[in-house]
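Novice: Put chain B on the given structure of chain A with help from the hints.
Line by line, the protein sequences give chains A and B.
Residue numbers for the first sequence follow my numbering, beginning at 1 and rising by one.
Residue numbers for the second sequence follow my numbering, beginning at 1 and rising by one.
Hint data in this document are derived by calculation from the structure and do not stem from the laboratory.
Quick reminder that beta carbons are idealized off the backbone N, C-alpha and C, glycines included.
Be careful, since some hints might not be right.
To be verified - Computed spacing ranges between beta-carbons, pair by pair:
#1 B/161 with A/72: 56 to 62 Å
#2 B/186 with A/128: 50 to 56 Å
#3 A/135 with B/32: 30 to 36 Å
Unchecked claim - Counterexamples of contact, computed for chain B against chain A with all Cβ distances above 10 Å:
#4 27
#5 41
#6 45
#7 46
#8 52
#9 56
#10 71
#11 111
#12 118
#13 141
#14 142
#15 157
#16 158
#17 170
#18 189
To be verified - Short, incomplete list of chain B residues facing chain A, as computed with Cβ under 10 Å:
#19 16
#20 49
#21 55
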Amino acid sequence: MIVNQTAEAELNLIQQAQNGDSSAFQELVRRYYASVVNVVYRMCGDAALAEDMAQETFLRAWLNLNSFHPKAPMRNWLYRIAIHAALDVLRRRTEETVEDETIQRVTDQTPGPEAILIEKEGAANIQRLLKSLPEAAHSVLVLREYGNLSYQEIAAALDIPLGTVMSRLNYARIQLRKLLKEQTHAEAEYA
Amino acid sequence: MHEDLYPLLNAYLDGELHGTRLREMELHLSSCEICQGELNELRRISIFLQAAPAPQFTPAERFVSNLTLSLPRRLQQAQPLKPASLWLVPAGSLGLWFFLRTVFELSNLIYMANESGVLGHAFPWFSNGSQETIWFALTTNLLGAHLTGNEHLALSLLNGINIFGSDLLWGLLWQAALIMFCLGWLAIWWMRRNPQFMKIENTH
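The shape of chain A in the complex, shown without the other chains (with noise of 0.2 Å):
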């Protein structure tokens, strides 16, 4: 029942937006911003990047309004706008290393210098290892792991067939695995 509320209350807001009220739109953009912001700092792993694109989701979102059907969620809807327009930046940029202004721009609640270390570390290492994934499998896992999207959703999110979604995410977590093999060898040998 509340459910239903909260998807009627939703389906209002989209039409009020249709029609071209912005401050329905501007709600719309409160409930979504969160998720759509860690997927795409999840494509690009840079923060500010990640806002920027999250941005041009919401911007392009506005301008296409008109064009999304409330019968799909608009969520997917949003995801599907933030993956293009993070794949778009993404293939414009060229090679640059942003894991130093994410380290700086990763908070932790807990207090200890050491922690924060470690969890900023550790958060680079994943980006690291994410951003060597090839773009399409990339995008495939983000939105599984990120996006808690069901394989259907990403299918029709990415316009690719479902039996793809399987193949590109088997493919993304063997990569990530050997990867992470790699990398723990390494750090024994080191050590």
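Specialist: Just chain B now, with coordinates in the frame of chain A:
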């Protein structure tokens, strides 16, 4: 490791297996230590990814404020037609068509009855005097003098049926075209309601 099972292990981990496949996988996992180990590896990767903290992004409220400043005034795109308007076009066309056909067919019937004398020429203004088929004109000209009243009546009736039939043929052709139009319209309406069947690349 059963390599062929790896994609299915992923699907199992992600809760994407259902019914028989799920039961088969559970049965297999209960007896295969290798696959259990692989599944645990996959779980560890997932946990490892989830454990990565996200940076502190700009608070939602400030992000919304910044975004609002840069929101362009959306071009007033064509508002999507409401279902009522979408139905109105084919329904209106059909209604108009049936009205016109009824008027035409009734006129033809009255004309035919009038011409053949069934109505005793009660509607003289209804006759335009030119509604004759070639065979009817030839027959009446050649044999007119020898025809009895009943024979002339029968010929007039046949002439009327011929004219009526040819009108009907044209009518049917028009109806077929109208049906095609309505079906096309409904197909467009359905596509608009189910955008997932259309290639929507609206992100650029």
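Novice: None of the hints should be skipped; say for each whether it holds.
Specialist: Results of checking the hints against the structure:
no.: 1; hint: B/161 with A/72: 56 to 62 Å; verdict: 57 Å, holds
no.: 2; hint: B/186 with A/128: 50 to 56 Å; verdict: 53 Å, holds
no.: 3; hint: A/135 with B/32: 30 to 36 Å; verdict: 34 Å, holds
no.: 4; hint: 27; verdict: 21 Å, holds
no.: 5; hint: 41; verdict: 6 Å, violated
no.: 6; hint: 45; verdict: 6 Å, violated
no.: 7; hint: 46; verdict: 7 Å, violated
no.: 8; hint: 52; verdict: 4 Å, violated
no.: 9; hint: 56; verdict: 4 Å, violated
no.: 10; hint: 71; verdict: 6 Å, violated
no.: 11; hint: 111; verdict: 52 Å, holds
no.: 12; hint: 118; verdict: 59 Å, holds
no.: 13; hint: 141; verdict: 68 Å, holds
no.: 14; hint: 142; verdict: 70 Å, holds
no.: 15; hint: 157; verdict: 59 Å, holds
no.: 16; hint: 158; verdict: 58 Å, holds
no.: 17; hint: 170; verdict: 41 Å, holds
no.: 18; hint: 189; verdict: 13 Å, holds
no.: 19; hint: 16; verdict: 5 Å, holds
no.: 20; hint: 49; verdict: 5 Å, holds
no.: 21; hint: 55; verdict: 4 Å, holds
Consistency note: the structure conflicts with the earlier hints numbered 5, 6, 7, 8, 9, 10.
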